[in-house]
Amino acid sequence: MENPVLGEWLVLFLLFLNCSRIFFLRYGKVDSLAFLAPISVIFSVLQIFAWGVDVFSFLILIISIFAFFTNFRALLRFSSGLFVDHYSMAFKIAAILILLLTIACAGLLFVFRPVLFKAVDFDAIQKTERLSGDFTNGFTKSLPFELAECELVKILPEKKENIKDQSIIIIPDKTADLIDYKILAFELAKNGYPVYMAEFFARDGKWCHNYADYKLFRRLYLLLNRFLEKQDFENQLQFYTFNIEKECQVMVDYVLTDQGENKKPVCLIGDWMSKIAIPEFALKNPEKVLLNFDLCDFEEYKTPGLGFVQYTAPVIAHNLGLNREKYISPVENIAKKIIGKFPVIEKNQEEEIKTEGDSIDAE
2 MENPVLGEWL VLFLLFLNCS RIFFLRYGKV DSLAFLAPIS VIFSVLQIFA
52 WGVDVFSFLI LIISIFAFFT NFRALLRFSS GLFVDHYSMA FKIAAILILL
102 LTIACAGLLF VFRPVLFKAV DFDAIQKTER LSGDFTNGFT KSLPFELAEC
152 ELVKILPEKK ENIKDQSIII IPDKTADLID YKILAFELAK NGYPVYMAEF
202 FARDGKWCHN YADYKLFRRL YLLLNRFLEK QDFENQLQFY TFNIEKECQV
252 MVDYVLTDQG ENKKPVCLIG DWMSKIAIPE FALKNPEKVL LNFDLCDFEE
302 YKTPGLGFVQ YTAPVIAHNL GLNREKYISP VENIAKKIIG KFPVIEKNQE
352 EEIKTEGDSI DAE
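Counting with this note's numbering, you get residues 2 to 364 for the letters of the sequence shown.
Be aware that a few hints might be false.
[Said to hold, decoys possible] Subject to a maximum C-alpha distance of 25 angstroms in a straight line, what follows is the list of computed DSS-like cross-link-like pairs (lysine-lysine):
#	residue 1	residue 2
1	265	128
2	265	155
3	231	207
4	338	119
5	247	207
6	128	303
7	338	289
8	119	303
9	247	289
10	155	247
11	191	265
12	165	303
13	276	247
14	142	289
15	216	276
16	191	342
17	216	128
18	160	119
19	276	303
20	142	128
21	265	247
22	191	128
23	265	165
24	161	142
25	265	285
26	276	231
[What the hints assert, rightly or not] Here are the computed distance ranges between Cβ atoms for each label pair:
#	residue 1	residue 2	range
27	141	39	34 to 42 angstroms
28	160	250	28 to 36 angstroms
29	341	47	24 to 32 angstroms
30	250	97	52 to 60 angstroms
Bear in mind the hints are in silico, worked out from the structure with no lab data behind them.
Ideal Cβ placement from N, Cα and C applies to all residues, glycine included.
Let the sequences and hints guide you as you build the complete structure.
Here is the structure:
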């Protein structure tokens, strides 16, 4: 599973090496380890660009910046090729403080580490496609080095002969990331169902109407809005409905096209933000949508609007009074309940067809 935790561990390790050199570096040597301070800042920034801002990435960035300014004079000496003759007491105190912060952050990151799982663990494969465009003019496959406004993920059974006709679309909430729903997608794919998910950042699909609409900040901004201004956040549900229906249209059209000649209605799965949008969209498009589900309706789902954060973001789960989850039985139960609806629908359709045939024969 892709996860920012590995990059965060790397930055913390570099900070640890940078600060701990006061204990083992001999004087009269070039202080080359001072160069790890700016490298830590660069890696921290790249982490945020790649994964967005969260509690740990922000904290690590602050520690890295502190380490950079603490090592500024050492960097000047290193760039000039000067030897280290001594470390000042102020530098030693600052280095020890940064070292303690690094160790504390590493400890918290270990306690709240995500559960690592991969598509191969579920006999599934994952494909990612970058799309450019907007909701008004449509989306097309991005060219190399072209800015993408959509990241679309397809999770399929590993063996083609196991792929079933029923396609499933998961519409993620904006207070969560795609990664927070992948464990459910993997479980559905394990049972033979192709699953599609996407994240949109189009110019005509704004959620915050400020700087926070950028990928780096959107989730954190909406999370803070949800927890700190809950009533105001919930009052925006009708606005969220408008945006999500546009996403549903794009995703359903994409999946039907991806099915080729064997087009069949899809199944839509949504979260808290989709509680109005998906049923409305399904009602307007009965020929395109066979079934729709709201994750909030399942008793096993304890984190409405956040995805399965017990596995992917235990620090958020902890804020809700939940522990880091090791076993995937709740997700398996949700997948079984969703899959269990498909045969019932197919059976009902067969009975309707049979009834219609009997009526024709009677005439």
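Each hint, compared with the structure:
| no. | hint | in the structure |
| --- | --- | --- |
| 1 | 265 x 128 | holds (21 angstroms) |
| 2 | 265 x 155 | holds (17 angstroms) |
| 3 | 231 x 207 | holds (20 angstroms) |
| 4 | 338 x 119 | holds (23 angstroms) |
| 5 | 247 x 207 | holds (12 angstroms) |
| 6 | 128 x 303 | violated (28 angstroms) |
| 7 | 338 x 289 | holds (21 angstroms) |
| 8 | 119 x 303 | holds (23 angstroms) |
| 9 | 247 x 289 | holds (14 angstroms) |
| 10 | 155 x 247 | holds (19 angstroms) |
| 11 | 191 x 265 | holds (20 angstroms) |
| 12 | 165 x 303 | violated (29 angstroms) |
| 13 | 276 x 247 | holds (14 angstroms) |
| 14 | 142 x 289 | holds (23 angstroms) |
| 15 | 216 x 276 | holds (24 angstroms) |
| 16 | 191 x 342 | holds (17 angstroms) |
| 17 | 216 x 128 | holds (20 angstroms) |
| 18 | 160 x 119 | holds (16 angstroms) |
| 19 | 276 x 303 | holds (16 angstroms) |
| 20 | 142 x 128 | holds (14 angstroms) |
| 21 | 265 x 247 | holds (20 angstroms) |
| 22 | 191 x 128 | holds (15 angstroms) |
| 23 | 265 x 165 | holds (11 angstroms) |
| 24 | 161 x 142 | holds (24 angstroms) |
| 25 | 265 x 285 | holds (16 angstroms) |
| 26 | 276 x 231 | holds (17 angstroms) |
| 27 | 141 x 39: 34 to 42 angstroms | holds (39 angstroms) |
| 28 | 160 x 250: 28 to 36 angstroms | holds (31 angstroms) |
| 29 | 341 x 47: 24 to 32 angstroms | violated (44 angstroms) |
| 30 | 250 x 97: 52 to 60 angstroms | holds (57 angstroms) |
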